[in-house]
Amino acid sequence: MAAQKNIKKIVLAYSGGLDTSVILTWLKETYGCEVVAFTADVGQKEELTGLEEKGIKTGASKVYIEDLRLEFARDFIYPAIQGNAIYEMRYLLGTSLARPLIAKAMAEVGKKEGADAFAHGATGKGNDQVRFELAFKSLAPEKEIIAPWRTWSFGGRADLIEYAKSKGIPVPVTASKPYSMDRNLMHISYEGGILEDPYREPNEDMFLLTVSPEKAPDSPEYVELDFVEGNCVAVNGKKLNPYEVVDTLNTIGGKHGIGRVDIVENRLVGIKSRGVYETPGGTILFHAHRDLESITIDRDTQHHKDKLSVELAELIYNGHWFSSRMAAVRAFISETQRFVTGTVKVKLYKGNCIIVGRKSSVSLYNPEMATFEKEELYNQKDAEGFINLYGLPAKEAARLRKK
Numbered sequence: 026m027a028a029q030k031n032i033k034k035i036v037l038a039y040s041g042g043l044d045t046s047v048i049l050t051w052l053k054e055t056y057g058c059e060v061v062a063f064t065a066d067v068g069q070k071e072e073l074t075g076l077e078e079k080g081i082k083t084g085a086s087k088v089y090i091e092d093l094r095l096e097f098a099r100d101f102i103y104p105a106i107q108g109n110a111i112y113e114m115r116y117l118l119g120t121s122l123a124r125p126l127i128a129k130a131m132a133e134v135g136k137k138e139g140a141d142a143f144a145h146g147a148t149g150k151g152n153d154q155v156r157f158e159l160a161f162k163s164l165a166p167e168k169e170i171i172a173p174w175r176t177w178s179f180g181g182r183a184d185l186i187e188y189a190k191s192k193g194i195p196v197p198v199t200a201s202k203p204y205s206m207d208r209n210l211m212h213i214s215y216e217g218g219i220l221e222d223p224y225r226e227p228n229e230d231m232f233l234l235t236v237s238p239e240k241a242p243d244s245p246e247y248v249e250l251d252f253v254e255g256n257c258v259a260v261n262g263k264k265l266n267p268y269e270v271v272d273t274l275n276t277i278g279g280k281h282g283i284g285r286v287d288i289v290e291n292r293l294v295g296i297k298s299r300g301v302y303e304t305p306g307g308t309i310l311f312h313a314h315r316d317l318e319s320i321t322i323d324r325d326t327q328h329h330k331d332k333l334s335v336e337l338a339e340l341i342y343n344g345h346w347f348s349s350r351m352a353a354v355r356a357f358i359s360e361t362q363r364f365v366t367g368t369v370k371v372k373l374y375k376g377n378c379i380i381v382g383r384k385s386s387v388s389l390y391n392p393e394m395a396t397f398e399k400e401e402l403y404n405q406k407d408a409e410g411f412i413n414l415y416g417l418p419a420k421e422a423a424r425l426r427k428k
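For this note's numbering, add 25 to where a residue sits in the sequence shown, where the first one is 1.
Watch out, some of these pointers could steer you wrong.
[Unchecked claim] Distance condition first, Cα-Cα at most 30 angstroms in a straight line; then the derived DSSO-like pairs of lysine-lysine:
id: 1; residue 1: K150; residue 2: K53
id: 2; residue 1: K264; residue 2: K384
id: 3; residue 1: K82; residue 2: K192
id: 4; residue 1: K264; residue 2: K280
id: 5; residue 1: K87; residue 2: K136
id: 6; residue 1: K70; residue 2: K190
id: 7; residue 1: K53; residue 2: K280
id: 8; residue 1: K70; residue 2: K384
id: 9; residue 1: K372; residue 2: K70
id: 10; residue 1: K137; residue 2: K34
id: 11; residue 1: K370; residue 2: K264
id: 12; residue 1: K372; residue 2: K427
id: 13; residue 1: K33; residue 2: K53
id: 14; residue 1: K190; residue 2: K79
id: 15; residue 1: K87; residue 2: K190
id: 16; residue 1: K375; residue 2: K70
id: 17; residue 1: K33; residue 2: K162
id: 18; residue 1: K372; residue 2: K280
id: 19; residue 1: K168; residue 2: K33
id: 20; residue 1: K406; residue 2: K420
[Said to hold, decoys possible] Computed beta-carbon distance windows for the label pairs:
id: 21; residue 1: R350; residue 2: K264; range: 54 to 64 angstroms
id: 22; residue 1: E229; residue 2: P418; range: 52 to 62 angstroms
id: 23; residue 1: K297; residue 2: K420; range: 42 to 52 angstroms
id: 24; residue 1: H328; residue 2: V258; range: 36 to 46 angstroms
What the hints contain is simulated information worked out from the structure, not anything from laboratory work.
Note that the coordinates shown come from a computational prediction; the quantities given were computed from them, not determined experimentally.
By construction, the Cβ of each residue, glycine as well, lies at the ideal position given by its N, Cα and C atoms.
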């Protein structure tokens with residue numbers, strides 16, 4: 026590695042787990058340089074306990090732990106909810122949303138520390154390598170990027186476990202429980218190891234945020250969400266900031282088994298991967314927000330926005346958060362949210378998130394127009410002429426074909 030001679034300081038995305046603990050030591054041995062560990066608090070909770078001490082013991086010259094929970098909710102989760110972003114119709118993008126924020130904060134630390142390179146623990150088969158590196162290229166193009174999984178000789182996590190043991194690095198993963206887990210405010214994801222068999226049902230003791238529907242309360246719980254311009258600002262009448270909203274809904278939703286998803290998704294690199302997700306708060310927000318749009322956005326704008334929601338999800342999943350295309354898509358979505366203000370009532374029951382009511386002071390829903398009873402605003406006879414004109418192309422094509 027010719028670049029080794031020029032690298033004197035590296036900022037590492039550090040979680041304290043198996044991969045990044047090994048990477049920290051490996052970077053020091055391989056590059057013979059200073060390694061600064063960076064950890065973003067995006068809602069991992071107890072996973073952060075003792076992390077600074079562990080990082081220093083593992084060899085980091087300095088450990089940054091930055092509280093980014095509010096920024097994550099406000100500037101990443103909320104825009105995704107506004108855009109109804111859901112990848113392949115099921116995945117609410119919890120991991121995908123956190124990566125550009127972490128990279129952004131790392132770029133700031135890299136500038137402050139005068140680092141020459143960034144390093145991450147994403148594998149060469151996954152999506153996170155793309156998300157981190159596209160962000161670094163957009164925010165700090167002058168710095169080197171080191172991806173150990175693409176260059177070192179370790180064959181897999183079993184090798185890492187052995188290396189960690191040889192170096193005295195304590196890690197929470199064992200050979201008997203090798204699936205990986207990623208937690209943040211939005212969700213927990215699980216993949217790899219025992220989950221690589223797509224027909225094997227996950228063990229119930231794996232789940233941390235949600236109870237199984239079978240063990241959820243036998244009575245439903247109703248939750249009211251207040252939105253202003255597409256953003257949830259209160260839960261059950263209590264005003265909360267974006268972080269508090271998601272955290273509160275995680276607790277409420279988790280109690281009722283809301284937000285479990287078990288899917289085989291298509292990774293950006295072309296591999297199909299089985300992932301299991303818990304997204305209780307995000308699931309409630311997603312359904313409530315989309316429902317409020319149904320009474321506050323006109324038909325044509327909503328239909329076009331629904332198409333852009335697919336594009337937005339793919340941009341997020343594929344790591345294009347800082348692209349000009351993303352900025353353009355987000356600008357359109359932001360414009361659509363000007364009147365998405367109102368209240369949605371949600372019924373939570375044994376894994377089901379059911380919308381049971383919605384209201385808005387700027388609603389486009391007019392009961393006088395929608396009624397099946399007699400009314401004066403809509404003349405049903407006018408529909409005949411509309412259908413004749415609307416159906417003219419189909420009628421004319423059929424007539425000509427018969428000739």
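> Is it true that the C-beta distance of H328 to V258 lies inside 36 to 46 angstroms, as the hint says?
Replying inline: At 27 angstroms between Cβs, range violated.
> Taken at face value, is the distance from the CA of K280 to the CA of K53 at most 30 angstroms?
Replying inline: 44 angstroms, violated
> Is the straight-line distance between the alpha-carbon of K33 and that of K162 30 angstroms or less?
Replying inline: Roughly 20 angstroms between the alpha carbons, so the hint for K33 and K162 holds.
> Is the hinted pair K70 and K190 satisfied, with a Cα-Cα distance of at most 30 angstroms?
Replying inline: 26 angstroms, holds
>> Would the hint linking K406 and K420 be met if the CA-CA limit is 30 angstroms?
In response: 20 angstroms, holds
> For the pair supplied as a hint, K375 and K70, is the alpha-carbon distance within the 30 angstroms limit?
Replying inline: 25 angstroms, holds
>> For K33 and K53, compute the direct alpha-carbon distance and say whether it is at most 30 angstroms.
In response: 10 angstroms, holds
> Is K82 close enough to K192, meaning Cα to Cα at most 30 angstroms?
Replying inline: 11 angstroms, holds
> Within 30 angstroms, alpha carbon to alpha carbon, are K137 and K34?
Replying inline: 12 angstroms, holds
> Is K372 close enough to K70, meaning Cα to Cα at most 30 angstroms?
Replying inline: Holds, at about 28 angstroms.
> Is K372 within 30 angstroms of K280, Cα to Cα?
Replying inline: Holds. K372 to K280 sits at ~13 angstroms (cutoff 30 angstroms).
> At the C-beta level, are K297 and K420 separated by a distance inside 42 to 52 angstroms?
Replying inline: 45 angstroms, holds
Comparing the model with each numbered hint stated earlier shows that hints 7, 8, 12, 21 and 24 do not hold.
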